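Asker: Go ahead and model the full structure; you've got the sequences and the hints to work with.
Here is how the chains run, residue by residue.
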Amino acid sequence: DAGVIQSPRHEVTEMGQEVTLRCKPISGHNSLFWYRQTMMRGLELLIYFNNNVPIDDSGMPEDRFSAKMPNASFSTLKIQPSEPRDSAVYFCASSYRQGLRNTEAFFGQGTRLTVV
Amino acid sequence: AQTVTQSQPEMSVQEAETVTLSCTYDTSESDYYLFWYKQPPSRQMILVIRQEAYKQQNATENRFSVNFQKAAKSFSLKISDSQLGDAAMYFCAFKETSGSRLTFGEGTQLTVNP
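Protein chains in written order, with this note's numbering: chain F, 822 to 937; chain G, 1055 to 1168.
Do not rely on the hints blindly, as some may be mistaken.
[As the list claims (entries may be wrong)] Chain F regions said to be covered by chain G (calculated; three or more residues, Cβ under 8 Å): (1) 868–881; (2) 908–920.
[Claimed, not checked] Some chain F residues close to chain G (C-beta under 8 Å, calculated; not the full set): (3) Ser828; (4) Pro829; (5) Gly849; (6) Thr859; (7) Glu925.
The set of hints was computed from the structure by calculation and includes no laboratory data.
Since the structure is predicted, the reported quantities are computational estimates derived from the model, not experimental observations.
Quick reminder that beta carbons are idealized off the backbone N, C-alpha and C, glycines included.
Answerer: Next comes the structure, spelled out in structure tokens:
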């Protein structure tokens, strides 16, 4: 398996522009997570989906952020409009949840977003 | 809410030597998982080892082993025979067994000196 695939690996955009980050989870996994990593806040969960349904989006910083999972093999995280403080590494991760238990999460290589 | 604390921002070790990275956590849960992830300069988060709280036996994966002290809420990682490729940021993480969210520590930057 190719693992969790994220694109792009790097994104540089101007303030005010829309940014879309993409993720393909590991085939067969039914839970998908978006994390953000910054120097100030470390790694924090933004949102997670189970069976394509958003379960917990309490970590989404504000309405400028939105995430979708239209099917089991694809998810997007969108920022509109982007701001310099959104600059961070965004990770997608997936795992398999059966009943009340999840396997460990496997991470993609992350997207480094720079908003200038 | 759970918290995870890594009190060592940086550690260094000589190649072939042994190093221990510390992690403490706070939770009221009795059933949970603990993990160590490695983040090399490539940025990829790589799972190193995991421990289930109900298991008394410490997990081991080749040169990596943990010292899990449930009562003390301590979960340290020991790397034996350190190699240059072990140089990375190491994150300790907590997850409730019935939950999905990972709570991460601040990370420890490990340098391996040749």
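Asker: Each hint should be assessed against the structure and marked as holding or not.
Answerer: Results for each hint:
1. Evaluation of the coverage hint for the stretch 868–881 of chain F: fulfilled, as 4 residues show C-beta separations to chain G shorter than 8 Å, against a requirement of three.
2. Taking a C-beta to C-beta cut-off of 8 Å, the stretch 908–920 of chain F contributes 5 residues in contact with chain G, enough for the three needed, and the coverage statement holds.
3. Among the interface hints, the one on Ser828 (chain F) is violated; its C-beta lies about 14 Å from the nearest C-beta in chain G, farther than the 8 Å criterion.
4. Taken as an interface hint, Pro829 (chain F) does not check out: its beta carbon lies about 13 Å from the nearest beta carbon of chain G, beyond 8 Å.
5. Among the interface hints, the one on Gly849 (chain F) is violated; its C-beta lies about 16 Å from the nearest C-beta in chain G, farther than the 8 Å criterion.
6. Look at Thr859 (chain F): its Cβ only gets to about 12 Å from chain G, farther than 8 Å, so that hint breaks.
7. Because the beta carbon of Glu925 (chain F) sits about 6 Å from the nearest beta carbon in chain G, less than 8 Å, this interface hint is met.
Violated hints, in rising order: 3, 4, 5 and 6; the structure is consistent with all others.
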